[in-house]
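Participant: Take the sequences, apply the hints, and build the full model.
The listed protein sequences correspond, in order, to chains A and B.
So that you can map any letter, position 46 of the first sequence is 46 in the working numbering, and since no number is skipped, the others follow by simple counting.
So that you can map any letter, position 448 of the second sequence is 448 in the working numbering, and since no number is skipped, the others follow by simple counting.
A few of these clues could be false.
What the hints assert, rightly or not - Derived lysine-lysine pairs resembling DSS-like cross-links, with alpha carbons at most 27 Å apart:
#: 1; chain 1: A; residue 1: K183; chain 2: A; residue 2: K340
#: 2; chain 1: A; residue 1: K68; chain 2: A; residue 2: K39
#: 3; chain 1: B; residue 1: K372; chain 2: B; residue 2: K170
#: 4; chain 1: A; residue 1: K340; chain 2: B; residue 2: K279
#: 5; chain 1: B; residue 1: K333; chain 2: A; residue 2: K68
#: 6; chain 1: A; residue 1: K71; chain 2: A; residue 2: K39
#: 7; chain 1: B; residue 1: K279; chain 2: A; residue 2: K336
#: 8; chain 1: B; residue 1: K359; chain 2: B; residue 2: K373
#: 9; chain 1: A; residue 1: K336; chain 2: B; residue 2: K333
#: 10; chain 1: A; residue 1: K71; chain 2: A; residue 2: K108
#: 11; chain 1: A; residue 1: K183; chain 2: A; residue 2: K307
#: 12; chain 1: A; residue 1: K39; chain 2: B; residue 2: K333
#: 13; chain 1: B; residue 1: K17; chain 2: A; residue 2: K71
#: 14; chain 1: A; residue 1: K336; chain 2: A; residue 2: K307
#: 15; chain 1: B; residue 1: K279; chain 2: B; residue 2: K359
#: 16; chain 1: A; residue 1: K108; chain 2: A; residue 2: K68
#: 17; chain 1: B; residue 1: K372; chain 2: B; residue 2: K359
#: 18; chain 1: B; residue 1: K229; chain 2: B; residue 2: K373
#: 19; chain 1: A; residue 1: K71; chain 2: A; residue 2: K145
#: 20; chain 1: B; residue 1: K17; chain 2: A; residue 2: K63
#: 21; chain 1: A; residue 1: K108; chain 2: A; residue 2: K138
Said to hold, decoys possible - Okay, the calculated beta carbon distance ranges per label pair:
#: 22; chain 1: B; residue 1: A27; chain 2: A; residue 2: A379; range: 14 to 24 Å
#: 23; chain 1: B; residue 1: T440; chain 2: A; residue 2: A379; range: 24 to 34 Å
#: 24; chain 1: A; residue 1: A379; chain 2: B; residue 2: S18; range: 37 to 47 Å
#: 25; chain 1: B; residue 1: V227; chain 2: A; residue 2: R385; range: 26 to 36 Å
#: 26; chain 1: A; residue 1: A282; chain 2: B; residue 2: G232; range: 57 to 67 Å
#: 27; chain 1: A; residue 1: R16; chain 2: B; residue 2: G195; range: 34 to 44 Å
#: 28; chain 1: B; residue 1: P9; chain 2: A; residue 2: A282; range: 48 to 58 Å
#: 29; chain 1: B; residue 1: G232; chain 2: A; residue 2: G405; range: 12 to 22 Å
#: 30; chain 1: A; residue 1: Q105; chain 2: B; residue 2: A276; range: 48 to 58 Å
#: 31; chain 1: B; residue 1: F111; chain 2: A; residue 2: A161; range: 48 to 58 Å
#: 32; chain 1: A; residue 1: A115; chain 2: B; residue 2: A408; range: 55 to 65 Å
#: 33; chain 1: B; residue 1: A448; chain 2: A; residue 2: P13; range: 51 to 61 Å
#: 34; chain 1: B; residue 1: A134; chain 2: A; residue 2: S425; range: 33 to 43 Å
No lab work stands behind these hints: they were computed from the structure.
Each residue gets a CB set at the ideal place from its N, CA and C atoms; glycine is no exception.
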Amino acid sequence: MQTNFTEDQLADPATRRSNEILRSCVHCGFCTATCPTYKVLGDELDSPRGRIYLMKDMLENSKVPDEKTVKHIDRCLSCLSCMTTCPSGVHYMHLVDHAREYIEQNYKRRWDERALRWLLARILPYPGRFRVALLGAKLAKPFRKLLPDARLRAMLEMVPARLPAPSPSDHPQTIPAENDRVKRVALLTGCAQRALNTDINDATIRLLRRHGCEVVIAKGIGCCGALTHHMGKTRESHQMAAINVRALTAEIDAGGLDAVVINTSGCGTTVKDYGHMFRNDALAEDAGRVAALAKDITEVLSDLGLKDASHAEPLRVAYHAACSLQHGQQVRSAPKDLLKAAGFVVVEPRDSHICCGSAGTYNLLQPAISVELKARKVATLEAIRPQVICTGNIGCMMQIGSGTGIPVVHTVELLDWATGGPRPSSLGQVASAESPRAQLVSA
Amino acid sequence: MSTIAMPTPDEAIIARKSEIVAALAAALPAETIVSDPEETRAYECDALTAYRCPPLAVVLPRTTEEVATAMRICHGLRVPVIPRGAGTSLAGGALPTADSVVIGTMRLREFLEIDTANRYIRVQTGVTNLSVSAELESEGFFYAPDPSSQLACTIAGNIGMNSGGAHCLKYGVTANNLLGVRMVLATGEIVELGGPLLGASGLDILSLICGSEGQLAIVTEATLRIVPKPEGARPMLIGFDSAETAGECVARIIRSGVLPVAIEYMDDVCLRAVEAFSKAGYPDCPAVLIVEVEGSDQEIADQIERIRAVAAELHPIEFRCSRNADESQAIWKGRKSAFGAMGRLGDYLCLDGTVPVSKLPYALKRIGELSKKAGLEVANVFHAGDGNMHPLILFNANRPGDLERAEALGNDILRLCVDLGGCLSGEHGVGVEKRDLMPTQFAPDDMAIQMEIKGAFDRAWLLNPAKVFPLEASRPHREGAATCS
Numbered sequence: 001m002q003t004n005f006t007e008d009q010l011a012d013p014a015t016r017r018s019n020e021i022l023r024s025c026v027h028c029g030f031c032t033a034t035c036p037t038y039k040v041l042g043d044e045l046d047s048p049r050g051r052i053y054l055m056k057d058m059l060e061n062s063k064v065p066d067e068k069t070v071k072h073i074d075r076c077l078s079c080l081s082c083m084t085t086c087p088s089g090v091h092y093m094h095l096v097d098h099a100r101e102y103i104e105q106n107y108k109r110r111w112d113e114r115a116l117r118w119l120l121a122r123i124l125p126y127p128g129r130f131r132v133a134l135l136g137a138k139l140a141k142p143f144r145k146l147l148p149d150a151r152l153r154a155m156l157e158m159v160p161a162r163l164p165a166p167s168p169s170d171h172p173q174t175i176p177a178e179n180d181r182v183k184r185v186a187l188l189t190g191c192a193q194r195a196l197n198t199d200i201n202d203a204t205i206r207l208l209r210r211h212g213c214e215v216v217i218a219k220g221i222g223c224c225g226a227l228t229h230h231m232g233k234t235r236e237s238h239q240m241a242a243i244n245v246r247a248l249t250a251e252i253d254a255g256g257l258d259a260v261v262i263n264t265s266g267c268g269t270t271v272k273d274y275g276h277m278f279r280n281d282a283l284a285e286d287a288g289r290v291a292a293l294a295k296d297i298t299e300v301l302s303d304l305g306l307k308d309a310s311h312a313e314p315l316r317v318a319y320h321a322a323c324s325l326q327h328g329q330q331v332r333s334a335p336k337d338l339l340k341a342a343g344f345v346v347v348e349p350r351d352s353h354i355c356c357g358s359a360g361t362y363n364l365l366q367p368a369i370s371v372e373l374k375a376r377k378v379a380t381l382e383a384i385r386p387q388v389i390c391t392g393n394i395g396c397m398m399q400i401g402s403g404t405g406i407p408v409v410h411t412v413e414l415l416d417w418a419t420g421g422p423r424p425s426s427l428g429q430v431a432s433a434e435s436p437r438a439q440l441v442s443a
Numbered sequence: 001m002s003t004i005a006m007p008t009p010d011e012a013i014i015a016r017k018s019e020i021v022a023a024l025a026a027a028l029p030a031e032t033i034v035s036d037p038e039e040t041r042a043y044e045c046d047a048l049t050a051y052r053c054p055p056l057a058v059v060l061p062r063t064t065e066e067v068a069t070a071m072r073i074c075h076g077l078r079v080p081v082i083p084r085g086a087g088t089s090l091a092g093g094a095l096p097t098a099d100s101v102v103i104g105t106m107r108l109r110e111f112l113e114i115d116t117a118n119r120y121i122r123v124q125t126g127v128t129n130l131s132v133s134a135e136l137e138s139e140g141f142f143y144a145p146d147p148s149s150q151l152a153c154t155i156a157g158n159i160g161m162n163s164g165g166a167h168c169l170k171y172g173v174t175a176n177n178l179l180g181v182r183m184v185l186a187t188g189e190i191v192e193l194g195g196p197l198l199g200a201s202g203l204d205i206l207s208l209i210c211g212s213e214g215q216l217a218i219v220t221e222a223t224l225r226i227v228p229k230p231e232g233a234r235p236m237l238i239g240f241d242s243a244e245t246a247g248e249c250v251a252r253i254i255r256s257g258v259l260p261v262a263i264e265y266m267d268d269v270c271l272r273a274v275e276a277f278s279k280a281g282y283p284d285c286p287a288v289l290i291v292e293v294e295g296s297d298q299e300i301a302d303q304i305e306r307i308r309a310v311a312a313e314l315h316p317i318e319f320r321c322s323r324n325a326d327e328s329q330a331i332w333k334g335r336k337s338a339f340g341a342m343g344r345l346g347d348y349l350c351l352d353g354t355v356p357v358s359k360l361p362y363a364l365k366r367i368g369e370l371s372k373k374a375g376l377e378v379a380n381v382f383h384a385g386d387g388n389m390h391p392l393i394l395f396n397a398n399r400p401g402d403l404e405r406a407e408a409l410g411n412d413i414l415r416l417c418v419d420l421g422g423c424l425s426g427e428h429g430v431g432v433e434k435r436d437l438m439p440t441q442f443a444p445d446d447m448a449i450q451m452e453i454k455g456a457f458d459r460a461w462l463l464n465p466a467k468v469f470p471l472e473a474s475r476p477h478r479e480g481a482a483t484c485s
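Facilitator: As structure tokens, this is what we get:
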């Protein structure tokens, strides 16, 4: 597509990159077909192709962003389904990241919107603060109907009934492999996940140790920066990312690392992009090294090969592909192959490429679209009658879990169970009646 | 500046924008109307981005009745209407003018009826082509026309352009698979034509609608013929050392009496771009044919052997059959994404000329010569089985003068197609892209009759008025009609 940037504009590295991206778009429109918001709203302005046009116009003309442009870009989930679909290889993620940063710097949101975003950016990435906020929200939840703001109601809706105590697994430490050490890996323990669900990291650590990994929880490791990055708050996100780059670099220099393991795919997409985020920074080389080591837990396990996976009931598992995993990281078959190897019957819903509407803070900032996407996702999942739903991202777990009675677990919980770990507690009494093995037992 | 002109917009209409938008807003739900200049810009072009112009406003109705309301208002205020499906046209079929209102069908997304016993499906026309087959999947049926943009393009656009696709060699184009429509005339009147059953009585007006490029009506519902899925299908890849030999192979396959479902052609330039996206493992040679056959295992094996024998006479560099479903899927994914994937190499103009299959080798040779003379690279990817060529002229849209050179080369190639006994457009439509070349294919009398037919449906010449016919030829109609009552 033709672009009109001046030489001066192109001197800015971010604009230069956006120009390259825009030049590779041929406006073929394929991306519209797999965009969740276009499917729901049916206006091209709420599709990647329309947003690319809005961003192009805003950046080319160095405009103060207008309300409409901001509305349509805010509605983007950053699910990156368009990147999987795009035959021309348009890097939509880097373009929308740039646009969000530009909007954050040049557009003044309404006071309530600013306050909300400020609050989210100061609470979610910090497990301690988030835990306190969740406890408060739990008390307020029964009164949510009295709130005038749909976004605040959505926040309270998402508060889970059960909140775990902080887990000692998340403290800085080095945990030895169970038998001979095959790999030394660092685990990104996450931020919001640590407050919401401690089972995931516990299961991940057991799984890794069982498969010969020494697991390092690096000192100082925290939020990957994705939450603030997606709000265009570059300063905050880069600060957080830099802390992780330094913490992980110290571990690489000290004892070497074979991988940086991530079990929250939303974070994985961002950590894998650290090289790009810091490309014009003194940290560029270190960030590149960390990014190159970043792997989703299922990539690491595929590499190692699953050991003696005969311990779980062969449940019918609906695999929900998190967008950050299938589109952001292009990891598609690894989780399903592992689940099958672990003896589960794996089924997938129709339109598995479409987002569940969680998308980081999206379900809090855009509740109407998010609720619609959740309803569609839950309907397609329930239609395939699974005994349990599993996915690789805490955001999707919370989102889907708030819309269905079927238990939702993380992929690692099932793999841990199958290779000798405990049965996931959230499974409860599930399903045994329908599982073939259980029938045999009861017969 | 491009050599393709659009009529000077009517300043009087532009000046009445607020009145027009207010009239639409009074009769339609608020979220149906897009009129802010920041927002209309996204509708300034389709997949032919060389020509652009934001419309006055965009209307996105959810029902036939809402389409009718919008049309009636625009007609009453004498505002030109540009119909738009998914905006995937490569010919500028959905290009607006500054004094026009775009009416999009993308929110008409209901599947209305499936009847496998009588072999039809009835849909609202904003559904995508591929979603129709997806809806029929569990019934064991599919909708045959498969334009390469089928993931995104809508049935409305398919009807407008009489779209084809790879598998049309066996199953025919949209016109052969369209049984009936519900449509809205420029005046807002709702009309139904045809229906689920075959009907031969009376004038076949439905055939006029299919391929009328949004100039006669906006089709909001369609009844489509559906066909049972074949037992199996298998593509093979045949690589040759030259474009002409591959072209000759196509002619010989057809002449031999085998009828594959599809015969597609891709050259090395295109293969490189497509391989990067689809990872299908295409042969690395100057020209590759994808030939697909279908039926029972035995039928597939027999057809493959016959094609292998025909191809062997021309000494292909490679002859390989797809080994499994995944490989077949990757082969087709690559082929169907070819135009988009070419974006990896730069900007392009995509042509759509058709030649008799027997003239393919000569046409490919001449295109090569014209390309060399013009100093612009041309990649070829097309439906070879029915001679529907898609030369892609590569250029640099950011370099002044390049677009004009590409347009000139495109015109030379399309004239070549007509000279060889072919035509300007196989399936993309004339739009604006080939509008000024119409006289090379049609005599003035032919065009006069076509324009009279348009006038019979749209007396005020408000529907997509500046497309298909050269501006000079359509001027009296457009200007005369604007004042008619």
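Participant: Holds or violated: are the alpha carbons of K17 of chain B and K71 of chain A at most 27 Å from each other?
Facilitator: holds, 24 Å
Participant: Does K68 of chain A sit within 27 Å of K108 of chain A, going by the straight-line distance between their CA atoms?
Facilitator: holds, 13 Å
Participant: CB of R16 of chain A to CB of G195 of chain B, is that within 34 to 44 Å?
Facilitator: violated, 57 Å
Participant: Compare the distance between the alpha carbons of K336 of chain A and K333 of chain B with 27 Å, and conclude whether the hinted pair is satisfied.
Facilitator: Given that 27 Å is the threshold and the Cα spacing comes to 22 Å, the pair holds.
Participant: Is it true that the C-beta distance of F111 of chain B to A161 of chain A lies inside 48 to 58 Å, as the hint says?
Facilitator: Roughly 39 Å apart at Cβ, these two residues miss the hinted range, so it is violated.
Participant: CA of K279 of chain B to CA of K336 of chain A, is that 27 Å or under?
Facilitator: At roughly 21 Å apart (the allowed maximum being 27 Å), K336 of chain A and K279 of chain B satisfy the hint.
Participant: For A134 of chain B and S425 of chain A, compare the CB-CB distance with the range 33 to 43 Å and indicate the outcome.
Facilitator: The hinted range 33 to 43 Å holds for A134 of chain B and S425 of chain A, with Cβ atoms some 38 Å apart.
Participant: If you draw a straight line from the CA of K183 of chain A to the CA of K340 of chain A, is it 27 Å or shorter?
Facilitator: holds, 24 Å
Participant: For the pair supplied as a hint, K17 of chain B and K63 of chain A, confirm whether the alpha-carbon distance does not exceed 27 Å.
Facilitator: Holds. K17 of chain B to K63 of chain A sits at ~24 Å (cutoff 27 Å).
Participant: Does the alpha-carbon distance linking K372 of chain B and K359 of chain B stay inside the 27 Å limit?
Facilitator: holds, 20 Å
Participant: With 57 to 67 Å as the target window, see if A282 of chain A and G232 of chain B comply at their CB atoms.
Facilitator: Given a distance of about 59 Å, which is inside 57 to 67 Å, the answer is holds.
Participant: So does A115 of chain A sit 55 to 65 Å from A408 of chain B, Cβ to Cβ?
Facilitator: holds, 58 Å
Figure legend: structure checked against the earlier numbered hints; hints not met, in rising order: 3, 5, 15, 18, 21, 22, 23, 27, 29, 30, 31.
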